[in-house]
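**Student:** Listed below are the residues making up each chain.
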Amino acid sequence: MRLEIGKINITDIRFAEESKIESGVLYVNPEDLKPVVLEDDKIKDVCFDIAKPGESVRITPVKDVIEPRVKVEGKGGVFPGWVSKVDTVGSGKTLALKGMALVTAGKIVGFQEGVIDMTGPGAAYTPFSKTLNLVMVCEPVEGLKQHDYEAAVRKAGFRVAAKIGELARGIEPDDTCVYETLGIKEGMEKYPDLPRVGYVSMLQTQGLLHDTYVYGVDAKKIIPTIISPTETMDGAIVSGNCVSACDKNPTYIHQNNPVIEDLFAQHGKTINFVCQIITNENVYLADKERSSNMTAKLCRMLDLDGIILTQEGFGNPDTDLIMNCKKIEAEGVKTVIVTDEYAGRDGKSQSLADADVAADAVVTGGNANEVIILPKLDKVIGTLDYINKIAGASDKTLREDGTLEVELQVITAATNEMGFGTLSAR
Amino acid sequence: MKYFILTNNSLAAEELGKTHEIRFVEGGLRDVFVEARDLIHQGAVLLNHPLYGSVKPNETPFRSLLLHRAKSSTEEACASVDPESVRLIGNAVSVCDKFIAKKETTDPRILQDFQVVDLSLLKSAMESADR
Amino acid sequence: MVKELERAGLPVVHVCTVTPISLTVGANRIVPAIAIPHPLGNPALDKDEEKALRRKLVLKALKALETEVDGQKVFED
Amino acid sequence: MAKYKVVHYINQFFAGIGGEEKADIPAELHKGEVIGPGMAFNTGFGDEAEIIATIVCGDSYFNENIEAVKAEILGWVKDLAPDLFIAGPAFNAGRYGVACGTIAAAVAEELGIKAMTGMYVENPGADMYKDKVYIIETKDSAAGMRAAVKSMTAFALKYLKGEKIGASCEDGYMNQGVRVNFFEKERGSKRAVDMLLKKLADKPFTTEYPMPDFDRVEPNPAVKDMAHATIALVTSGGIVVKGNPDHIESSSASRFGEYSLAGVYDLDENTFETAHGGYDPVYANADADRVLPVDVLRDLEKEGVIGKLHEKYYATVGNGTSVANAKGFGAEIGKRLVADGVDAVILTST
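Chains as they are written, first to last, in the working numbering: chain A, 1 to 426; chain B, 1 to 131; chain C, 1 to 77; chain D, 1 to 350.
Check the hints yourself; a few may be wrong.
What the hints assert, rightly or not - Computed from the model, here is a short list of chain C residues facing chain B with C-beta under 8 Å:
#	residue
1	I21
2	G26
3	I36
4	Q72
5	V74
What the hints assert, rightly or not - Once the Cα atoms are required to be at most 25 Å apart in a straight line, the calculated DSS-like pairs of lysine-lysine come out as:
#	chain 1	residue 1	chain 2	residue 2
6	D	K224	D	K203
7	D	K198	C	K60
8	D	K198	C	K3
9	C	K51	C	K3
10	C	K3	B	K98
Hints listed in this document are in silico derivations from the structure and should not be mistaken for laboratory results.
Glycine included, every Cβ here is placed at the ideal spot set by N, Cα and C.
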């Protein structure tokens, strides 16, 4: 499958009468977007705001981050199963708005979390301090149940992202990248001497606020399967995961999956990047056994020589991570895992909830328990009401001088387990 | 799969009490783990992962575990203690101990949210167990 | 605890009901016991029978201490 | 600004006094003198810091008189009140490395003065002290002196100025078993791909998170002569003297108990009970021999099967006790048993 990604560099976002993209500037009229959100009668109201790199702005609580994209050639449309039909995506041409993101924010549960600081020490830890952010804060109708609200905000995010993406249709991209995966036989014939490499991505699938969807399907119900990495770029995998800001994978990071990009960079040179294998992280132990058996079997059937294995979350997924690693290694497939750590505030505790000697090649996104002091910023988009309740915060989080003492856990994508950032630990 | 639910989440007990066997634990999340471990040492088998959910053990006070009672008599049970359950529950207790204890949330709305999420993650396991 | 005793230079036999735990905690010489509430006894037996049973277990434990092992070993019947 | 004051410790060889034949010289304090590698340090410090005294001690003397020489040197350093204490570098010299680690750790711990040393990773002093004091990794011989001084000087200045010490791989010290965050040059996914390429090519690679030690202790040799051996009983089943005088908790125990078995031939419900809260206590309370087989061992003692049953036994509660506590109990009990001349242990658990 061959996908062209045309990149349109966005250099500024401004509110304006007419929504359009012109000379790299995204002009947005919130009134154009409001109806897209409010078509779901579970949402009472929505407001939009803009946060730019370097501004004294804090966005919290963040739910999801999405990159607006539009499919201009080839089958299907972006976010299949949500905004578009379930046609197989991943081929043809897609335009992406680079340098910007749509951030959905607002309280879903009382311990909701996720902080994006656009300046100060916290900014270094989140990739979304470097993007121009269009922030969307939704307010639910009275008495809406938590899971209905989560679903409503999640889906509204995709609709708005698609609507903004549509503005790019017809615009000449600043840069175009081509990604191509080959059929099994084709790839073997074309690169007979290159090691066959796969990417196994574990998707968060534990339940309410901990879900991931593939073509609209709740991934806890899937049996591990193979997809083309280019499908992921078109939004085939989306996040419904709200908890654990630092190591959840927002939709944006699925769309821009760094492992996929970096494997593609070696594709045809040092490796033959065969495919992506997706699996889940269910809470039921027998499901874990089944899924890890399946991934290991797929790696074997595809005759892979090596894989990269990434996870999402803490605790429960550590067990999936280790099961997958152990079983895949046992098939003779060399495995490198990407994870993050909960080594305690002092860094002295055991980092993972599970371990095995087979996991001898580990890349870490850092210790999520490390404490950071965030200064008071001039403006808050969303609300600080819940900051004391979020993961990694404590009752002394909101200090008298207005600064926040928190663990890195609260910062969106700080210790991302797909290797999106440069943070690490030793 | 025949199972019983070990929980300190009153919402779970209320909602599932009529249809399922509940063993209610008065106490915190760690107490549920320790109780589960004792049962596992006597032959019960863990069906869901004790560290489910990304809400950390020092935030949510609630935990609901799904256990399968393998044997009726203690003697038989001892012969068939499930090593994987032993390992997982042991790890869970030590993970619990490493997170800094926080002042317990008393805000009823937040407690209710924690209960709802806990129940949802429990149901997520039950769905797999019931099929 | 068993590991630290062994580290102090003492051969240790772990008489333990749940042998998987014993293996996990790193005991080297392991003798399976009877049941959790009464690892070295059985209240269903009369006093003499019970003591004979216990003697058998203790002798097995001593036997384990007299046996050279390399790595972990469970002394089954 | 005033220069930071540094005290430097070296051995007889680096002081230019002599080799092995001079290894027995006692500690000497050279106030105001800069000797051997100290010159290079001083140059490296520029006008930011200076060595105000050098302490020289023979390696054999140090290791044979550890307590005395430690006290003597600590006394000097206390009076000198430097901002930093540097020992070595010791490279791969074993006794020198141990001396450097010992004295640097003591200065840091007992005087609360910043201290550091440098040595080769395989120097026995490294394993002994890397979690107690900053040890800068050096080459294995004095040929690496220039590089060692350079990295030690850089670290020393950073440390003196109170700047945040980064992760071990950034600042060149040996990992202290504490996880420290830092920003890598490449993002995680790129590092993962690079690591995989190495792994595929069977080239060496370094994991960023070594899996925890699946620490196993080698089994001790078997008991050769059981008929003359002293056997001790230890239990995690919580068997205590009736009334639980030591207040062993029923779970999450924070202490263990030591009880006498002198004159005890059979445990009964009037004298012993269980403190364990994790199982039905009825059976153990009725007859604690079911957990702690004193009756049988007394018989075997009489019959000469074993030499003797140790006069004390130790008890704790396995239920919910933290790993660190259990480890601490084990170490302490082990120490006491060895001191009492015990040959082997029967540990019972429920």
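**Student:** Look at each hint and say if it fits the structure.
**Tutor:** Going through the hints against the structure:
1. I21: The hint holds - I21 of chain C has a Cβ within 8 Å of chain B, the shortest such distance being about 6 Å.
2. G26: Hint on G26 of chain C: violated, closest Cβ of chain B at ~13 Å, above 8 Å.
3. I36: Holds: closest Cβ of chain B sits about 6 Å from I36 of chain C, inside 8 Å.
4. Q72: Since the shortest Cβ distance to chain B is 13 Å, the answer is violated.
5. V74: violated (12 Å)
6. D:K224 x D:K203: Violated, because 47 Å separates the two Cα atoms, which is more than 25 Å.
7. D:K198 x C:K60: violated (50 Å)
8. D:K198 x C:K3: violated (36 Å)
9. C:K51 x C:K3: Violated: K51 of chain C and K3 of chain C sit about 29 Å apart, past 25 Å.
10. C:K3 x B:K98: Given that 25 Å is the threshold and the Cα spacing comes to 22 Å, the pair holds.
Violation of the numbered hints given earlier is confined to hints 2, 4, 5, 6, 7, 8, 9; the remaining hints are satisfied by the structure.
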